[in-house]
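Asks: Chain residues, written in single-letter form:
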Amino acid sequence: MLFWVIAAILTLGASLAVLLPLAGGSKGASAAGDHDLEVYRDQLSELDRDAARGLIQPAEAEEARAEIARRILRLDNAEPAAKAAGPSTTTRLVATAAVLAVPLISWGFYGELGSPDLPSQPLSARLAKNPADSSVDELVARAEAHLAANPSDGRGWDVLAPIYLRLQRFSDAVAAYRNAIRLDGDSAARQAGLGEAIANAAGGIVSAEAQDAFEAALKLDPANPKASFYLAMGLAQEGRVPEATAAWQKMLSTLPQDSPWRGAVEQALSESANKAVAAGQPANEVDAASSMSPQDRQAMIEAMVASLDEKLRQDPRNAEGWMQLVRSYVVLGKADQARDALGRGIAVFGPDSEEARKFTAFAASLGLTATE
Amino acid sequence: MVEAGHFALVLAFALALVQTLVPLVGARTGNSRMMAVGGPVAVTGFALTVLSFATLATAYASSDFSVANVWENSHSLQPLIYKITGTWGNHEGSMLLWVLILTFFGALVAVFGGNLPATLRANVLAVQGAIGATFFLFILTTSNPFIRMNPAPIEGRDLNPILQDLGLAIHPPLLYLGYVGFSICFSFSVAALIEGRIDASWARWVRPWTLVAWMFLTGGIAMGSYWAYYELGWGGFWFWDPVENASFMPWLAGTALLHSAIVMEKRSALKIWTLLLAILTFSLSLLGTFLVRSGVLTSVHAFATDPTRGVFILCMLTLFIGGSLALFALRASRLTAGGLFHPISREGALILNNLFLTTATATVLIGTLYPLAVEALTADKISVGAPFFNLTFGPLMVPLLVVVPFGPLLAWKRGDLFAVAQRLMAAFAAALLAVLVTALFIDGTSAFAALGVGLAFWLICGALTDLAVKSGFGTVAPDVMLRRLVGLPRSVFGTALAHFGLGLTTLGIVGTLCFGTEKILSMRAGETVELSGQTLRFEGLYPSQGPNYSEDRGRFALLGADGSTTSEITSAKRFYPVRQMTTTESGIKTIGFSQLYLSLGDQATDGSVVVRVWWKPLVTLIWGGGLVMMAGAAMSLMDRRLRVGAPSRRRKPTGAVPSASLP
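In order, the protein sequence lines correspond to chains L and U.
For the first sequence, the working numbering puts the final residue at 372, and the numbers step up evenly by one.
For the second sequence, the working numbering puts the final residue at 1663, and the numbers step up evenly by one.
Note that these hints are calculated values from the structure, not bench results.
One or more of the hints may lead you astray.
[Said to hold, decoys possible] Ranges between beta-carbon positions, derived for each pair: (1) L:Gly263 x U:Leu1137: 57 to 67 angstroms; (2) L:Leu252 x U:Pro1151: 40 to 50 angstroms; (3) U:Ile1591 x L:Ile9: 54 to 64 angstroms; (4) L:Pro151 x U:Cys1315: 52 to 62 angstroms.
Glycine residues also receive a C-beta, built at the ideal position from the N, C-alpha and C atoms.
Okay, chain L solo, but in the shape it has when bound (with noise of 0.2 angstroms):
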């Protein structure tokens, strides 16, 4: 706002210093003759200074007067002084023009260039402005600027390393959980961490490195479910998908009833049992691995998506619902579904819409382009 103002007041100070002469009261201007002359009056004024004081001789000065005085009368005197004119339609024409041009000009140029609605951000207002209203990156290199000047001080290192898995700075989470370990000593939580650090940043796959981490998170503390969650992922990467499935069953068994892991873990279950279908591996290993048959399964499941569509049908504002259809179809590889669940979710909330780029990102990530 107060933006607006200065410029507004700018904007009138301008177009005034354009539009007070045109407007002002004429003053005849002398003629360049007048001008002329008195350069001439000075010179002489000055020649008979130097005469006096000897620096030229008496025959020079003469003939220096004599020049000057010929120029003198060489002047124009006849020449006009600049009209006075008075306020004449083309001065108004011009006047118009003119004074318009500033403000056109000026707020034109500036809308196409100008960020009106930011503020000015000095290093000591970014600073002292309250946590809450800052960015995560704002937070996360103050904790850096900090962290660099005591890099002893674990707790912070504690701090930064979940901030930096949430980020995917997945090495600088690394190092962040190595340094907490270091200084403040083995947790569960720091082992856990460290280990999904590592694992992603090597795109997901449970190294040895990682495993060693999660075992290490699993003998603080046995009913640590990210430690288990990924360790029973390592297996499934390894190739030994009952054994992961076992696991995986086990922690849905152990598992209190809010776990956040619940998803993650049912997710990893059908991921694996439709990889298991997909390789063809014979039904009864899955089946040993699972206490539903294959064809059950397959049913239950289709029965719950075809439930969510119904209730998406039903209350199609819900961003996270057509989301978790999306990927359900996937699951299921019905990619033509999936792309029409897509469609519709994109039409509910508008192709310009921030649902709809959230979508497209979600579906690219799962491997899904939207339909042309």
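Dock chain U against chain L, hints included.
Replies: Below, chain U alone, put in the same frame as chain L:
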């Protein structure tokens, strides 16, 4: 309020457009109201540019990294002084400084131009407005320092470490005051061409402006040379590199302009030539501005990456240089030629000066642009470098310096060379003595050294002779002489001071080049080195931490005759982590007019350090002479002759001419 500064800049652009068109139309149609618009608009435009520049400087001082330009060229840990000077330590900010100075000079014409004929004033302001509008447009479209970033990065990228020096606070502003000062001379010339006539007051106005611009440019070049000397750690004071030449060419042309403007003012002669020189000088200033900041040819080269800036610069140069020269070709024939004079006269001497200076300018221009042009066209890298300039520029300068003392002593219109030579006998004797002393007692092996010292003394004593002759030394009683000396016009002192300074600079250059010594050696702590009678002991390397750098300081003790420490010199290698750059801080000890110059090299694995030691005799005179030249220009500016009043309506024009003085 960053955006207010951005808006002020845009508004200043709009006003510059008005300033170009309305007074121009007014002057053509004889409409005094439209002509009157130029003044207030120029002053308001200046105020807005000040606001804009102050805003950017504030953003720098407060490390507002939401401004992209600040983020790119600043760091929160820099000392405040370098935060502020960083404002113009980059392309965008320096362009803003450029227009700030341009609008400042425009405002000065508006405020103090009351004694100018109205049409001339209107046209000058219009041309000034056109230059301003082009630069504003250039800044806004290709080099906008107010581009914002949201969210703001938390830390900046730091200023180029070489620029983190007090020199940045002084050198560019002085240099730009010089470059842009010549824009006024240019505007006056183009205004005269537009009008098709040169008023008598024209020369009276152009000369002080030339003096102002020349004074600042001299200071800027001297300061830049000293900065390069101590900051780069190579011990050289002039490298003939394109950036230096870019500032030297307008200086040479400006010096020629300064002298031809004297002829024009006094004798109404050389009008057309002076006009042309004013145009050329500012054209070289423009070229210099872009050679330094963006590089005209580099920009041409970089078309693929950033074509807009390069194309814009080329268009600008074509518009102003080509446009003004075309106007000159069209209109010059309409201007009346001035008074007549004999070849041996003050006018003749000044023409000789102009011939040499313009030829020298052309030489430097060729030496500067030719390698760049070859590189741009064929991708071959050729180096012209110092040998070319020493072979071409040197021989042109020597005869010019030889005739300098004659000029001020010759009479106007018709001079007596023999009489002047007689008056200069004392100076000649002094110079001869200097040659003999140098050859016999200091260095008998180099004729160049002896003759160079002689030339310097010839200039110095010639300048003193000028003052002595004009105050009547030896012909009148001492008290009368003293009174006449004090009563001499300031411009006479100005001339003498400037020529005296030229002599000092020559002496400094000859002294440093001919009698300087240097040693490069590897030293361990406790070792001593002797150079030209000075003994230095290396005390060792000490690590130290600056605000935004870490450094290894090498401490040296200067030993007296009895082996005790008389003073300490430090030279350092600094490392700036943000830019990953290393700089060398030279250690300098001034002894009389000479300097002992130390520069640390690399550290070997065995703990010894490469040290370069230079003994630079009389080196401070090079820049001291520049300061004396500046003082001369300032003295000339104070001359009462340069203050001409506005025509008063009350005085009858005819009564102004004393009848006794009419032939």
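Asks: Indicate whether the distance between the beta carbons of L:Leu252 and U:Pro1151 respects the range 40 to 50 angstroms.
Replies: holds, 42 angstroms
Asks: Mind checking the hinted window 57 to 67 angstroms against the Cβ distance between L:Gly263 and U:Leu1137?
Replies: holds, 58 angstroms
Asks: Is the gap between the beta carbons of U:Ile1591 and L:Ile9 within 54 to 64 angstroms?
Replies: holds, 59 angstroms
Asks: Given a hint of 52 to 62 angstroms, does the C-beta separation of L:Pro151 and U:Cys1315 actually sit inside it?
Replies: holds, 54 angstroms
Of the numbered hints given earlier, the model fails none.
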